[in-house]
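Protein chains in written order, with our numbering: chain A, 118 to 586; chain B, 3 to 363.
These aren't lab readings, by the way, just hints derived from the structure by calculation. Treat the numbers as computed from the prediction; the structure is a model and nothing was measured. Treat the hints with care, as some may be off.
EDC-like, lysine to aspartate or glutamate: derived pairs with alpha carbons at most 16 Å apart [to be verified]:
{"id": "1", "chain 1": "A", "residue 1": "K527", "chain 2": "B", "residue 2": "D304"}
{"id": "2", "chain 1": "B", "residue 1": "K315", "chain 2": "A", "residue 2": "E485"}
{"id": "3", "chain 1": "B", "residue 1": "K315", "chain 2": "A", "residue 2": "E433"}
{"id": "4", "chain 1": "B", "residue 1": "K315", "chain 2": "A", "residue 2": "D519"}
{"id": "5", "chain 1": "B", "residue 1": "K230", "chain 2": "A", "residue 2": "D514"}
{"id": "6", "chain 1": "A", "residue 1": "K426", "chain 2": "A", "residue 2": "D341"}
{"id": "7", "chain 1": "B", "residue 1": "K230", "chain 2": "B", "residue 2": "E201"}
{"id": "8", "chain 1": "A", "residue 1": "K491", "chain 2": "B", "residue 2": "E318"}
{"id": "9", "chain 1": "A", "residue 1": "K486", "chain 2": "B", "residue 2": "D287"}
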Amino acid sequence: MKEKTIVEDIDRSLYDFRFEQKDAYRVQEGLTADIVRQISQEKNDPQWMTDFRLKSLETYNQMEVPQWGPSIEGLNMDNIVTYVRPKDNKMVKDWDEVPTDIKDTFERLGIPQAERKSLAGVGAQFDSELVYHNVRDEVAAQGVVYTDLESALHGEYADMIQEHFMKLVPPTDHKFAALHGAVWSGGSFVYVPLGVKVEIPLQSYFRLNEPGAGQFEHTLIIVDEGADLHFIEGCSAPKYNVANLHAGCVELFVGKNAKLRYSTIENWSKNMYNLNTKRARVEEGGKIEWISGSFGSHVSYLYPMSILKGDNSRCEFTSVTFAGRGQNLDTGTKVVHVGKDTSSYINTRSISKDGGISTFRSAVVIGEKANGSKSAVSCESLMVDGISRSDTIPAMDIRCDDCDIGHEAKIGRISDDTVFYLMSRGMSEEDARALIVSGFADNVSKELPLEYAVEMNNLINLEMKGSIG
Amino acid sequence: MDIQINKIPSPTWNWLQMNEVKVENVQTYNKQNGEAYISKIETPNAVNHTVEDEFDVDAATGMGDEVANILGDATVHTFAADRAVNEPVVIEYKFLQGVSASRVQLKVSSNAEMIVVQDFASVLLEQGSNESDDVTGDGQNDKSEAAVETRYDIAAGGHLTLIQVQHLKKDLRFYNNIGGNQEAEGGFTLIQLVVGGDESYYGCFAGLQGHKSTFENRIAYLLSGTDKLDMNYDIDHTGTKTVSDVLVSGVMRDAPKKLFRGTIDFHRGCAGAKGSELEDVLLMDEAVRNQTIPVILCDEEDVEGSHGASIGKLDEKMMFYMKSRGIPEEGIYEMMAKAKIDSIVNEIPLESVRRYIKDLL
Chain A
118 MKEKTIVEDI DRSLYDFRFE QKDAYRVQEG LTADIVRQIS QEKNDPQWMT DFRLKSLETY
178 NQMEVPQWGP SIEGLNMDNI VTYVRPKDNK MVKDWDEVPT DIKDTFERLG IPQAERKSLA
238 GVGAQFDSEL VYHNVRDEVA AQGVVYTDLE SALHGEYADM IQEHFMKLVP PTDHKFAALH
298 GAVWSGGSFV YVPLGVKVEI PLQSYFRLNE PGAGQFEHTL IIVDEGADLH FIEGCSAPKY
358 NVANLHAGCV ELFVGKNAKL RYSTIENWSK NMYNLNTKRA RVEEGGKIEW ISGSFGSHVS
418 YLYPMSILKG DNSRCEFTSV TFAGRGQNLD TGTKVVHVGK DTSSYINTRS ISKDGGISTF
478 RSAVVIGEKA NGSKSAVSCE SLMVDGISRS DTIPAMDIRC DDCDIGHEAK IGRISDDTVF
538 YLMSRGMSEE DARALIVSGF ADNVSKELPL EYAVEMNNLI NLEMKGSIG
Chain B
3 MDIQINKIPS PTWNWLQMNE VKVENVQTYN KQNGEAYISK IETPNAVNHT VEDEFDVDAA
63 TGMGDEVANI LGDATVHTFA ADRAVNEPVV IEYKFLQGVS ASRVQLKVSS NAEMIVVQDF
123 ASVLLEQGSN ESDDVTGDGQ NDKSEAAVET RYDIAAGGHL TLIQVQHLKK DLRFYNNIGG
183 NQEAEGGFTL IQLVVGGDES YYGCFAGLQG HKSTFENRIA YLLSGTDKLD MNYDIDHTGT
243 KTVSDVLVSG VMRDAPKKLF RGTIDFHRGC AGAKGSELED VLLMDEAVRN QTIPVILCDE
303 EDVEGSHGAS IGKLDEKMMF YMKSRGIPEE GIYEMMAKAK IDSIVNEIPL ESVRRYIKDL
363 L
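Next up, chain A with everything else stripped away, as it sits in the complex (with noise of 0.2 Å):
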């Protein structure tokens, strides 16, 4: 007779603490024109972006809620609170000067070691804002930028900022993308000059502190030809009972022979609803690697999209999701070949447990030009319990025929004679089960920062490790 696991839900503590602002200032709950022109006031936006924004919020108005994905019925935007700015909050470049309630909730999760030890340079949001920015000295002298967006709408950079904001991604893309582009707030704008090759990633990583709130930065990231960098997106929230909302969004310009990795771990908590929104556009010869690990939200609708437009262009996207208990995470990506003799490289993990939904959803799409274009695909899910749940839903659309595609997926469970062999070798059935599903998870933390690997690998473990009975 098989022997039933139970696997107990993750222990959160590393993520779920908050401190209570009584002093922040927020807009109110809900969402109207009143409430953007607030926040365009705060933010001191140009003209443009003002009426960007109540653009955007007509067509936020106008758009229906996608009926494809999981259930969003629980976000109700009436109740949400669309912008937070912490109390007398200014962005700084030293840690020293962060208001100590944020820099202790940073401390924790490790962001200004990590800082330290490895990155060129660091991006902290809380809530609607950015409290911290930093680049080290040396990859500023190549000419690297890497500031907060709104810094510059103002700067130097403002033409270029319009030139790109929300081309990618216009508000008419999806209902949050529209939300997106009328409350957007916070977010990094970085600017690799042509040639630099950024030896050491930079991060930006989004604390959601207040509950009921929502947090809609905007990356913007343009590589310009021949460049080079690595970027690593980090988000955390405590758990709260109301509903939080992410509606990010990321641009990414990827210019000719240049190259960009993107990583993300994302760890929201679990009543987030997750809805961003994510995109490349990679020029002749360049390439977008993604790299992404989804652990937290409650609902995900999750999607890098890259769109190859050059010749010889490249996408690789390496992903794994890991859906617990109240958490339906509808992950994937979508590839859009353009160019000539474009290539693209999906490789998924799903995992599922403790009556979790993981699904992953896909689109591979082969323009009619794009003759000479491969696409691979490999997805592969992993059923850990008899609760939970895991759809795969890859879809491809070929348009012309001097192209080479190849799909597979595979579905199934932990294997008992796998078990069984390593618990014959003095392995605990739940140290064997974990064992397990971080090898299946390798595609991702071998693609990731040593650090960062090593963060996921405890985060399953965190993950699997729970009672057996």
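We have chain A already, so just place chain B on it with the hints.
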């Protein structure tokens, strides 16, 4: 009237336009027009053939309910076997101009076996005849339409082999809809060959309800010109240790459009179930449009599911080799197309049926 058919059980992004298909301006069949398009029904002595007004097999279908708007009040032909029958039932259709519709029920009793061949052909319509064809009287031209819905019921230990061959001429919109359920150890083998047509819609729902029931599906299609083929296959695993195996193989040349939706749905409780789905598409011309969405839905831990797709043109080395042996490009296409069809036809268990189909093609 417009209808929406072939809805995928788990929809995805609307912009892909793959969730379902909308067919505009369809016409409803009326029984009073007779069944002149059924040119022959051959029934072995051991198979009981009866005629009814309505289906009594209650089953979901791949195309969904809205296709009933075309089927109208078409006669239901029921074929029932209560023992192993080696001779096939053969139903030959020769669709005419206008609207044709047929409803078929296949009932296989416990431990019985039945083989059914459905031959879908059409008579050549008069040149340009449907250019001025306005049956619905709405001022728009209406294509001729033919719809066949086949429902099946396989009792414990029974086995049904259904072989469908489509070699239709142009100017016809064709709907081929299948659905049924299988009890314990009931087996269903579905072989479908599409070698000619214009605008074709295929749907199939296989309800694997009984323990160890099996569904084996082989599909080969050759599309050319501006052919359109839209498919929706839903394999529903509810019984324990059920097995499904779907292999779709196609060749596309000129500017055809094809959309294959294939869903393996593992419901909670189908412990020990296995499902696999494989699609292999050879693209021969730059104007082809090939869409595929192979889905696995899994609500049960103890299952094995897989799907794979291989889509592209013929390997350049292979092409070069064949050309170096003096085979022209057209000949290579013919050869590949024949190989795809033959590989499926060769899986048909009865020599007489294999010969029948080869003669037909």
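Hints, one by one, checked against the model:
no., hint, result
1, A/K527 to B/D304, "holds (13 Å)"
2, B/K315 to A/E485, "holds (14 Å)"
3, B/K315 to A/E433, "violated (23 Å)"
4, B/K315 to A/D519, "holds (6 Å)"
5, B/K230 to A/D514, "holds (15 Å)"
6, A/K426 to A/D341, "holds (15 Å)"
7, B/K230 to B/E201, "holds (5 Å)"
8, A/K491 to B/E318, "holds (14 Å)"
9, A/K486 to B/D287, "holds (13 Å)"
Comparing the model with each numbered hint stated earlier shows that hint 3 is the single one that does not hold.
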